[in-house]
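Novice: Below are the chains, spelled out letter by letter.
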Amino acid sequence: MALIKAWKAFHNILPEFLVIIFLVGFVMAIADQETISKFIGADSGLFGVVLAAVIGSITLIPGFIVFPTAAMLLNGGAGYMQIGSFISTLMMVGVITLPVEIKYFGKKVTYLRNLTAFFFSFIVAGVLSWVMSTK
Amino acid sequence: MKNLLKKYRNFLFVLLGLLLLSVANRVLATKALDITLYSFKEMLFVIPPVFLLLGLLDVWVPKQTMTKYMGPGSGLKGILLSIFIGSAAAGPLYGAFPVAAVFMKKGVSFRNVLVFIGAWSTTKIPMFLFEVSSLSARFAVARLLVDIPGIILIATLLSRLISPAEVKKLYENAALVD
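In order, the protein sequences belong to chains A and B.
Residue numbering for the first sequence follows numbering that gives the first Met the number 0, starting at 0 and increasing by one per position.
Residue numbering for the second sequence follows numbering that gives the first Met the number 0, starting at 0 and increasing by one per position.
Watch out, some of these pointers could steer you wrong.
Claimed, not checked - Here are the simulated lysine to any residue pairs, SDA-like style, with alpha carbons at most 20 Å apart:
| # | chain 1 | residue 1 | chain 2 | residue 2 |
| --- | --- | --- | --- | --- |
| 1 | A | Lys107 | B | Leu152 |
| 2 | B | Lys40 | A | Pro14 |
| 3 | A | Lys102 | B | Ala173 |
| 4 | B | Lys40 | A | Ala28 |
| 5 | B | Lys104 | B | Thr64 |
| 6 | B | Lys6 | A | Leu17 |
| 7 | B | Lys6 | A | Gly105 |
| 8 | A | Lys7 | B | Asn2 |
| 9 | A | Lys102 | B | Ala164 |
| 10 | B | Lys168 | A | Ala28 |
| 11 | A | Lys4 | B | Trp59 |
| 12 | A | Lys102 | B | Leu80 |
| 13 | B | Lys123 | B | Leu80 |
| 14 | B | Lys105 | A | Met0 |
These are calculated hints, taken from the structure and not from any lab test.
Can you build the whole structure from these sequences, using the hints too?
Specialist: Dropping the structure here:
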C-alpha cells in the first residue's frame with residue numbers, strides 16, 4: 000500500500016525530474032569554475048552579489064557538491080558576500096524547478112516564495128560577509 | 000500512449016537539444032551528459048527513500064495526529080516540528096513538494112507547510128556537517144542562525160498574503176494528487 004503510494008507520487012513528477020537533471024547537465028557543462036570566480040570575485044561588489052544570486056537561482060547543483068564547490072570558489076578569489084548569496088539562492092530559489100513547485104503550490108505562492116527567498120538571500124549574504132570579516 | 004507522449008513532451012525536447020548539441024559541439028555535449036548521468040545516479044539514491052517515507056507517512060500516520068501537532072493552532076510546537084522534519088530529510092528541494100502535498104492532505108497548517116519547505120531547502124542536518132568541513136563552523140552556524148528566523152518570517156508572510164480561499168483550493172488540489 001505504502002509502496003504503491005510511493006510509486007504513484009514518484010511517477011507523478013518523473014517527467015519534470017528528467018527535464019531538470021538534463022538542464023542541470025547543460026548549465027554545468029557550460030559554466031566552468033574559472034569563469035565563475037572571475038565574475039563573482041571579492042572585488043566584484045554589488046554586481047557580483049546580484050550575479051551570484053541569479054546564478055544560484057537558476058542552477059541546481061547536487062547537494063554534496065555545493066559546499067566543496069563554494070570552498071573552491073573562495074580559494075579561487077570569490078568573496079564571502081558573493082558566495083553567501085550564491086549558496087542561499089541555490090538552496091532556496093529554484094527557477095528550473097518552478098513547474099514542479101507550481102504543480103503543488105500554484106502560481107501565486109510559488110512566485111512569491113521564490114521572490115522573497117531571492118531578496119532574503121541578500122540579507123544572508125550581508126550577514127555572512129560581516130561575520131566572516133570580523134574573524 | 001498519447002497521454003504519455005504529452006507528459007514527456009518537454010523531456011523529448013531536451014533530448015533533441017542534447018542531440019543537436021552533440022552535432023555542434025561534441026565535447027560540451029559529452030560533458031553535459033556526464034553531469035546528467037551523475038545527477039541521475041544521485042537521484043536514484045536519494046529519491047526512493049524520500050518517496051517510500053512519504054508513502055509510509057501517508058498510510059501510517061493518522062490525520063488527527065498530524066493536525067494536532069502541526070495543524071492550525073499548533074503554535075511554536077508545530078513550527079519546531081516542521082523545521083525538524085524538514086531539516087532531517089535528505090534530497091534536493093523538488094523532493095520536498097510531494098511531501099508537502101501529503102502534509103496538506105493530513106491537515107498541517109499552511110504556514111507550517113511553508114516552514115517545512117524552507118527548512119528542507121536550507122537547514123539540512125546532513126548538509127550542515129558538510130558545510131562545516133568545507134567552509135568552517137563559523138560560516139555554517141552564522142548561516143543557520145540567519146536562516147531559521149528567515150524561514151519562519153517568509154512562511155508567516157506568505158501565509159498571510161494568501162487568502163483562505165486560495166489556501167483551500169491548494170489543499171483540495173493536494174488531496175487529488177494521490
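Novice: Of the hints stated earlier, which fail here?
Specialist: 10 and 12
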